[in-house]
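When you get a sec, could you build the whole thing from the sequences and use the hints?
One-letter residues, chain by chain:
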Amino acid sequence: MNGVEEDVLGELTTTFRSGRTRSVAWRKAQLQAILKLLDENEEEIFEALKQDLGKHPVESYRDEVGVVRKSATNALRCVEKWMAPQKVCVEQPLMMQYEQAPIPLVLFPARGAVVSEPLGVVLIFVSWNFPISLSLDPVIGAISAGNTIVLKPSELAPKCSSILANTIPRYLDPETIKVVEGGHDVSEQLLQLKWDKIFFTGSPRVGRLIMSAAAKHLTPVTLELGGKCPTILDTLSNSYDLQVAVKRIAGGKWGPCNGQACIGIDYVLVETQFAPVLIELLEKIIKTFYGENLKTLGNLARIVNKHHFDRVHNLLKDPKVAASVVYGGSVDEENMVIEPTILLNPPLDADIMTEEIFGPLLPIITLNNIEESIQFINSRPKPLAIYAFTKNDSLKEKILQETSSGSLTFNDAMIQFLCDTLPFGGVGQSGYGRYHGKFSFDTFSHEKAVLHRSLLIELESRYPPWNNFKLEFVRLAYDYDYLGLILLLLGLRGIFRTNRRQ
Amino acid sequence: MDAEAIVKELRGTYGTGKTKSYEWRVSQLKALFKIAENHEKEIADALYSDLSKPELEAFIHEISMMKTACKLALKELKRWMKPEKVKTSLTSFPSSAEIVPEPLVLSLDPVIGAIAAGNAVVLKPSEIAPATSSVLAKLLGQYMDVSAIRVVEGAAPETTALLEQKWDKIFYTGNGKVGRIVLAAAAKHLTPVVLELGGKSPVVVDSNIDYKIAVRRIIAGKWGCNNGQACISPDYIITTKENVPKLLDAMKQELEKFYGKDPLKSGDLSRIVNANHFQRLSKLLDDNKVVDKVVHGGQRDENNLKISPTILLDVPEDSLIMKEEIFGPLLPIITSVDSTICLGEILGSSKSCFSFVKVNKVEDSIQFINAREKPLAAYLFTRNKKLEEEFVMNISAGGLLINDTTLQVALSTLPFGGVGESGMGSCHGKFSFDSFSHKKAVLRRSFAGDVPARYPPYTTGKARFLKALLNGDILGLIRALIGW
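Those protein sequences? They're chains A and B, same order as listed.
As numbered in UniProt numbering, residues 1 to 502 make up the first sequence, in order.
As numbered in UniProt numbering, residues 1 to 484 make up the second sequence, in order.
Because the hints were derived from the structure by calculation, they are not lab data.
Here the structure is a predicted model, which means the values were calculated and not measured.
Incorrect hints may appear among the rest.
Think about it this way: if two alpha-carbon atoms lie no more than 20 Å apart in a straight line, the pair counts; the simulated SDA-like pairs of lysine to any residue are [what the hints assert, rightly or not]: (1) B:K166 - A:Q429; (2) A:K194 - B:E373; (3) A:K194 - B:E421; (4) A:K470 - B:D45; (5) A:K36 - B:A468; (6) A:K398 - B:Y22.
Here are the in silico distance ranges between beta carbons for each label pair [as the list claims (entries may be wrong)]: (7) A:T13 - B:K246: 54 to 62 Å; (8) B:G461 - A:E292: 22 to 30 Å; (9) A:A322 - B:D2: 37 to 45 Å; (10) A:E181 - B:H296: 54 to 62 Å; (11) B:E158 - A:Q273: 49 to 57 Å; (12) A:N368 - B:T16: 16 to 24 Å; (13) B:D210 - A:K28: 27 to 35 Å; (14) B:E373 - A:T235: 56 to 64 Å; (15) A:E181 - B:T16: 45 to 53 Å; (16) B:W24 - A:D185: 49 to 57 Å.
Yeah, the Cβ is synthetic: ideal placement off N, Cα and C, and Gly gets one too.
So, in C-alpha cells, the structure goes:
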C-alpha cells in the first residue's frame, strides 16, 4: 500500500527496539551533530531562507539558527538531568508528615519514582514560516527524550526543505532520524501510519485533520496552532516608555517573517484618544526600520507564495476595510511584497478581523476604556499569545486573571518564545501541548510511574475473607488515623471510639 | 437532556469567574468529601446492586480513595494554584467545561481534579452501573453547586449528544474502541483529551521469591479488585515452566482461604457487571483453543452472573483470551510462547524470522511483553535486582509495580495514566490538577533595557551582537559592542 513511508517507519521501529536511542551518549551525539550542522552550513541556510522567504540574515539568525543553537546547547547541558528518574515522596506512614502526601499504610514499605521513557517513533510536521527553527527545535526535544524521528518539512519553503533533507542524514544518525519531503499526498500517506506521537505546527484547520487521523491509532498529538494574537496598549504618559512600546509592537508585527508568525501581533487595542499618537509613532518607526518606497523596502521578509499573497491582498480588497487604511496599503504583485499597513477600526465582521491575518497588516481597534479589551478578547477564540503594554498593575492583574491564552507577555512581544524555562504552546483554538526546554523533553516522553515494594511486611487486612475488623482497619489506615489503628489492634477501639460519622 | 443548554449554562457560570476562586473550589471539594462521609452506606449499596461488590472492597476502591483524594486536594490546593516561578513566571489557568464519562466504577478522582483546577464540570457516569449512576446524580445534585457541576445520566445517545458539544477538555475512562470515537469527536473542536484505557497488564513471576506473599498480592489485584473488572487488574502471568507447580499450588491454597471451597457462594467476590459481559467472558472460556487448559475453577452461575476465579495454563497465543483484555476473573499463565518476536531482532541482526521463543529464562518475558500493545500496568515479582532494573528500563507501560499489584493507584504522588493503546494523559493528585489546567506562560518585562539590535535596519554589527547574545557569549558581546 504505502511505499517509502511504510519502509521508513519499519526501519525506525526496528532501530528504536534495538534500544540505541535510549543511551545518553546517543542523545548527546545527535545534539552535538545539530550544532555542527548549523555551524558548517550557516551560509547555506541563510541563503535558503532568503530564497524561500526573503529573510535578512540577521532575522534568520535571530529567529532560526540562533534559536536552534540555543535550544540544542541548553538540551546538551540538561539532558542527563532531565533523564534522571524523579524520586517521588513515599513517606514512612508513621512519621505523619503532613507537608507531603504520605503513602498509605497498605503500601509500607515502598519506594516510588517517575521514569521518563521515550515514546518510540515520532512524526514532526513543520510549517513554512520558520522552516529551520520549527523543524529542529522539536527535533531537539524528540532526540533528548530518546525517540526515533520522521521530520516532514513544509513544501512551501522548498529550499529549506531540501537543505534539511540533505544535511540531516549527513550529520545525524541516519537510521534514527529521517527527513521525508513532499506535499499533501506525502503528508496523507504519513498520517495513515501508526506513530507514537505527532507534533504539528500549522493552522487549526489542518490541526483538526491531524487529530482525526491520529484518533484511529490513539496517537497523542501536540498541536502548535496560531490565532489572532491581540496587543493591549494602555495609554502611556512617559514618552520613553511609549517609544519603546511602539518599537516593540513594530518588531512584533513586521519583524518575524513580516507578520507571518503564529505569535506575531495580529491587532492592537487602544483607547480612542490614544490612537492618533500610536499611528504617528508607528509611521515614523516603519520608515526608519523598513523605508518608505515599496520598491526598496528592506529588512522585510516577503509573502511566502502566490496563494498567501492573494489571501492577504484579498483581506485588503473589502471596500470597508480599504477605507480604514491609514498607512501603507500598496502591494507589489510581481515580487510578492505587501507594504507594512496600518488600519484604523476596520469592520469587526470583515475577514481581516475574523481570520488570522498572518501578514503585514495591522488593524488598530479603538475602545472607550482600555479595560474593555478584556471583554473584546474573551469574546473571541483563545489566542496563542496576548501582549499588554501597561504600567498599571491592577490592569495587569485583571488581564492575567480574566483572559486565557497560550502565553501572556507584559511590555514586550515575541520574546517569550526565547525563554526555555517557559512552556510554549496554545490553549483552545491555538492548540494544545507545549514545548521548549524541559517541556520539549516531556512532550516526547512518557512519564512512567514505577513503584517498588518489598516482599517483607504483609498486612492481612488487605485480603478477603472480609469482616468488620478488616473494614475498620482499612478505614483507619486510609485516614492515617494511627492512634485509632493501635487501639483497634489492642481491642480497645470500641471504648474510645468517637462517632465521626453521623 | 439538552446537551447544548447544559454547556451554555455552565459556560455562563464559568464566565462569571465564580469557579476560579479558591473559596468556590474548597467549598465544592468539601461537599464531595461530605458525600463520601455521609452516604458511604448508600454508595456501597449501589455498588452492591450493580456489581455485588463486597462492602470492604467498595470502601477501599471507591469511598476511601475519593476521600483521600479530596483531602489531598483540600490540603494542597493553595500550593497547586500558586503560580510557579520559573526564571520568569508560570500561571496555572483553568479552562471552562469538561465532560467526564466514567464507566463502571465510581472513581470521582477526575472530578476532584477538575474542581481543584477551577472548572465547570459535566460528569457522565456509566450506564452499565445504573444504581451507582443514579446515586451519583442524586447526591451531586444535592450537595454540589449545580450551576457549575452537573451529572448527565444516559447511554449512547446521551453520550453522542454530549460529544457533539465543544468542551475545553474531555476525560474518558474506558476502552480503546470508544476512546477512538471520543478522540475523533474531540478533533472537530480541537479539544484536548485524557484517555484512561486498559490493556492486558502482565505479571512476571520470577523463581526465587516467597510464593505465598506474591500469590496473595496477585489475588488481591486480580479477584479482590472488582473480580478482575478493573483496568489495572493483572491480565495474565508469565513465568517459567519450573515455577508453575509451586505457583499453582500456592494460588489454589490462597484462593480457598480467601473465597472458600465454593467461590460462587462467596460474599467477598464481585459478580460480573451484566449479562453482556458474562457472555463475553463465557466465550473466552468456551474457545476451543483453551477449553482443555483450565487448571483451576471454571464454574459459572449464569443466573447470578458469577464466575469463579479461573486459572488457565499454557493457552495458545492466538486464542481469544490472549487477544483481548480479559476484564474478568480469568487468569492465563503463559510459559511457552509461539512468538512473533524475531530472535534476530533480540540479537540485533536480520529482521525476517519467525521463531518459537520459550520462556526459559524469566528475562524472555520482556520480549514477550514488548511485542504486544503497551499495557496500563506491568507487574514483576522478583528478588533479582538486575532483572528489576532491566524490567524498569525496558518495559513500556503506564506504570510499573515491583513485588505487588494495583497499589500504584493509591499513591497520589505517582502519575496514573497509560501510554500507546492504554491511553494518554495522567491523573491523581497534582497530576489531576495539571490535567485540568492550562499552564499559561507569563513573561513580565519593563520598558527599560531595549536592545537596538533586535530591530531593523539590520547590519553586520547587529548580527554579531545577536549571535553573542543568544549564545550567552559575554566576551563576544563586549567585542561586538566595541567593534561598532
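Evaluated hints:
{"no.": "1", "hint": "B:K166 - A:Q429", "in the structure": "holds (11 Å)"}
{"no.": "2", "hint": "A:K194 - B:E373", "in the structure": "holds (12 Å)"}
{"no.": "3", "hint": "A:K194 - B:E421", "in the structure": "holds (11 Å)"}
{"no.": "4", "hint": "A:K470 - B:D45", "in the structure": "holds (18 Å)"}
{"no.": "5", "hint": "A:K36 - B:A468", "in the structure": "holds (17 Å)"}
{"no.": "6", "hint": "A:K398 - B:Y22", "in the structure": "holds (16 Å)"}
{"no.": "7", "hint": "A:T13 - B:K246: 54 to 62 Å", "in the structure": "violated (38 Å)"}
{"no.": "8", "hint": "B:G461 - A:E292: 22 to 30 Å", "in the structure": "holds (24 Å)"}
{"no.": "9", "hint": "A:A322 - B:D2: 37 to 45 Å", "in the structure": "holds (44 Å)"}
{"no.": "10", "hint": "A:E181 - B:H296: 54 to 62 Å", "in the structure": "holds (58 Å)"}
{"no.": "11", "hint": "B:E158 - A:Q273: 49 to 57 Å", "in the structure": "holds (53 Å)"}
{"no.": "12", "hint": "A:N368 - B:T16: 16 to 24 Å", "in the structure": "holds (23 Å)"}
{"no.": "13", "hint": "B:D210 - A:K28: 27 to 35 Å", "in the structure": "violated (42 Å)"}
{"no.": "14", "hint": "B:E373 - A:T235: 56 to 64 Å", "in the structure": "holds (59 Å)"}
{"no.": "15", "hint": "A:E181 - B:T16: 45 to 53 Å", "in the structure": "holds (51 Å)"}
{"no.": "16", "hint": "B:W24 - A:D185: 49 to 57 Å", "in the structure": "holds (51 Å)"}
Going down the numbered hints, you'll see the structure goes against 7 and 13, while the others check out.
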